[in-house]
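Using the hints, build the complex out of the two chains.
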Amino acid sequence: MKRRDFIQQATAATALVTIGGYGFSSFAAGSSTKKITILHTNDVHSHIDPFGPDDSRNANQGGVARRATLIENIRKENPNTLLLDAGDIFQGTPYFNYYGGELEFKLMSKLKYDAATIGNHDFDNGIDGLYAQLPHANFQFISANYDFKNTVMDTHVKPYQIFIKDGIKIGVFGIGIKLDGLVDKKMYKETVYLDPIETSQEMTRILKDQEQCDLVICLSHLGYHYSKSPEKISDLNLAKSTKDIDLIIGGHTHTFLPKPTVAQNIEGKNVLVNQVGCYGINLGKIDFYFDSDKSKSANGTSIIV
Amino acid sequence: MQKNSFLIIAIICLLFSCKQEHHLSKIEGKQIPVSDSIALDTEIDDFIKPFRDNLEKDMSKVLSYAPKTYHKKDGNLNTAIGNLMAHIVLEEGNPIFNKRTGKNIDMVLLNHGGIRAAINKGNITTETAYQVMPFENSIVVVALKGQQIDSLVYYLSKAKKAHPIEGLKLTLDKNYNIVEALINKEKIDSNKTYYVATNDYLYNGGDNMKFFKTNDTVYTLDYKIRNAMIDYFKKVDTINPKLDDRFTQIQ
Chain D
343 MKRRDFIQQA TAATALVTIG GYGFSSFAAG SSTKKITILH TNDVHSHIDP
393 FGPDDSRNAN QGGVARRATL IENIRKENPN TLLLDAGDIF QGTPYFNYYG
443 GELEFKLMSK LKYDAATIGN HDFDNGIDGL YAQLPHANFQ FISANYDFKN
493 TVMDTHVKPY QIFIKDGIKI GVFGIGIKLD GLVDKKMYKE TVYLDPIETS
543 QEMTRILKDQ EQCDLVICLS HLGYHYSKSP EKISDLNLAK STKDIDLIIG
593 GHTHTFLPKP TVAQNIEGKN VLVNQVGCYG INLGKIDFYF DSDKSKSANG
643 TSIIV
Chain X
-17 MQKNSFLIIA IICLLFSCKQ EHHLSKIEGK QIPVSDSIAL DTEIDDFIKP
33 FRDNLEKDMS KVLSYAPKTY HKKDGNLNTA IGNLMAHIVL EEGNPIFNKR
83 TGKNIDMVLL NHGGIRAAIN KGNITTETAY QVMPFENSIV VVALKGQQID
133 SLVYYLSKAK KAHPIEGLKL TLDKNYNIVE ALINKEKIDS NKTYYVATND
183 YLYNGGDNMK FFKTNDTVYT LDYKIRNAMI DYFKKVDTIN PKLDDRFTQI
233 Q
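If you're matching them up, the sequences are chains D and X in order. Position in the first sequence counted from 1, then plus 342, gives you the numbering used here. To convert, note that position 19 of the second sequence is 1 in the numbering used here; the numbers rise steadily by one, no gaps.
No wet-lab data here; the hints were simulated from the structure. Where hints are given, some of them may not hold.
Rough simulated footprint, nothing fancy, chain X against chain D, three-plus residues with beta-carbon under 8 Å [to be verified]:
1. 384 to 395
2. 401 to 407
3. 410 to 421
4. 444 to 452
5. 515 to 528
6. 608 to 622
7. 625 to 635
Once the Cα atoms are required to be at most 16 Å apart in a straight line, the calculated EDC-like pairs of lysine to aspartate or glutamate come out as [to be verified]:
8. D:LYS452 x X:GLU25
9. X:LYS8 x D:ASP633
10. X:LYS192 x D:ASP526
11. D:LYS454 x X:GLU25
12. X:LYS8 x D:ASP629
13. D:LYS448 x X:ASP28
14. X:LYS31 x D:ASP391
15. X:LYS195 x D:ASP526
16. D:LYS528 x X:ASP182
17. X:LYS12 x D:ASP629
18. D:LYS452 x X:ASP28
19. X:LYS103 x D:ASP396
20. D:LYS511 x X:GLU3
21. D:LYS452 x X:ASP27
22. X:LYS31 x D:GLU444
23. D:LYS448 x X:ASP27
24. D:LYS527 x X:ASP189
25. X:LYS192 x D:ASP522
26. D:LYS448 x X:ASP182
27. D:LYS376 x X:GLU10
28. D:LYS376 x X:GLU3
29. D:LYS527 x X:ASP182
30. D:LYS377 x X:GLU3
31. D:LYS601 x X:GLU10
Heads up, the beta-carbon is just placed ideally off N, CA and C, and yes, glycines get one too.
One chain only, chain X, in its complex shape (with noise of 0.2 Å):
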């Protein structure tokens, strides 16, 4: 009688579940290399084809020289990518800005993460410039009191980042501690208010540079830094550029 049950109970269960339920019973799981020995499917190459033929066109256009390859590894606080990308902005904004408002960029400031890949020797081209900035981040040159100037000199001491600079001139001593800022090669003046050109990403508190949040006013360019690299690049036949004692440590 029981043996009777057991079965019908079994039965009813297996043609539930042969209808019905499935339960998991294993899982295999692994990563496949999209490798070049795949063959390319020729309908979605062809359909990219048209993007690519209209991008290469533009991104292999040479632009400027490099005599040798500027790494953003290379340096200690200031290196000389960083220092070419502080210039580029002071070079190709100040006029923009002057044009504008009648006054001058004092200084320049960017970040070292923002620097997304190495000048290579060789020829530069357009392509380069998406490499080395691939955001769309524009110039913005925001009016900051000597005060604020100090919180922004007192980031980069305890930042210890080769964040690139142009403008102004700091030396920090083994400690880190700050032994010297000068602005157009002047001691900061607290009640003076100066003209810091840097990026929207930066001025909205990006890299925790939250000193920019405290300003008198706010420029817009509406030029962005990539632009600025192209058209600097255009009018440079080789670029030069070099490490200095900008931003140095007293050891």
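Bound conformation, chain D alone (with noise of 0.2 Å):
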């Protein structure tokens, strides 16, 4: 804490200096900037393949091995990148039916998704067939408001997962959404659903707090905003209602976006909200810059969306 007390301080420092006409360009020079590329998906719905050519709204939209070419060209451009997803992984197409999610999580697996949240349609063939294909996942499943200690993804889901990407300390934490009345009982078992406000305050206070981590990302399933019940917990809702929370990537609603919103926390800073429709026609791709350079970060953060 002292070491932050002390950076402030000498920010300040720094901008008086400036105003006092010190040129300090040369020593500007020594600044580095650092990208963290953030790749995403939801509700792909074991949408394996692409639409077929006749399909009314999206004939030859989507499918796993464009998404794969995409994903490779821009991990080219900058390795340090992150793949999330934000669940409902499962069920749509008869792959789901017959595989039971195994090829929909050996992909991802192929294509090196980092972490997923879970999904309502995660549990339709039961918390048993959820388990049982997670042999098949090389990714974490992240939750931190479903609580899971009575049934078999007991130490099988973190609340989150910390990522350092070139020395950025990235924390993402999952949300999930309320299953009573919308997933059978019989199906998520003894799964305890946890309040998502709640859950996330906790969850920024270790991962900004005691962890200090550069960028904190919430993996949320709570759906973007519902205008028939606009006080319904959503990610808008949860932006508004939390801090320290960077980047909100949802779900469940199917919402397409013209462009990621730009929503205020708690505090009035920004938070930004993404997600990108559903059946993996689309990717979300958020960079972060950071900077090195105080006069350039002393103006606050610019968001180009």
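The structure is reproduced here in structure tokens:
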């Protein structure tokens, strides 16, 4: 904490000096920029193949083999990339009915997904059906507000995961939707749903205050916003009720956004909320630039969407 | 003197920042369409291929024929596709239920939202059954007293939706009040037990169908709705579902 105070003071000093007219450009030459790329999908719903040419809405769109090419090209450009999924990996094509999610998880592992949260349809073969497919998944499942203690999923899901890319510390936590009334109890069994806002506050306390993460990302399956029940917990409501979250990656409502939403958190600071529709038709890409040059960062963070 | 101390602090600060402290300065966000202009990753595609081939072999199997397109929006309180679904549950489910219990299914109730796709004019394939019914729900038969049937009928009158039914005939007035409700062409007897076929999702309260929980007995047939559809399509050369007067509103 002490070091933080010092840096804040020092920043003030730099600003003063700059105003005083001292040329610091020679020092600034030693500054560096780091770029972290976050790629994301949601509600892919077992859409492994692209839509057929006769589909009325999404003809020839999507498909895992094309998404793989796209992701690979982005990783070549920036190896400091994370690939995340916001849930509802399962259900929607016969691939799921036939193979129970095996192929979905195997392909996500081949595409080197880093983490995924759990959507309501991921319980469609019961919690045992989800558990049975875990050996095919080489990525971490994260959910902070599903307590799986009394289920087979116990110890297989983490509340959060911290990634370090190019020295930048990124904390990602998962938030799931209320299961009661949406999923048959015999499917989710003894999974306990915890309050999303309280859980997120606990997560940001851990990730920001304790772990000092440079970036905090919430991987959510709450849904973007419910116009008919505006008070219902959603990504937009979560954004304004919490602090220290930089990005909420959403799912569930299959929302196609013209561009990522810039929302304000409880402290009036910006939070980016994004969701990319469904069925693997789109890939979300958010680039975070970190600068060592104080005079630049003192101006705040610019958001280009 | 003051200038020097500023300079020293500033230099320390820069040294620190260059080595350790990075601050978020810019965020750029966008969405990239996974369009057909992107090349396939051949390694991934080759990996999918055996799964796809196996699936397509089954999915493309022609089971029956649809002379028209049947959509769940074609109709007010009953639809041709919904009537077909309810009929399939009765026709395919009753022999199993009867063999196990010696009883017969009196009526069927499904939900309108559970019809997930239209049946398009042309060949009906296995894939059609998967599109219309992607979920793994199974047929259950619930023994309900006449009183619970009244709750069921009341639910239907308030839902104002073409929830598929068979065996029940329900007429509403223009204010959605119940005019007549008949099972097997007879008035509902409050002391009688009726056997209602539905699926396990609805039995467990899906679509707010709470009336199923107050029941005498529930019989699980271990027979998926989709498999019942496939079995029916295999038997029937050309389907011919129709709108009728089973669930109507007097204008």
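Margin query: If you test the structure against every hint from before, which numbers come out violated?
Written below: 26
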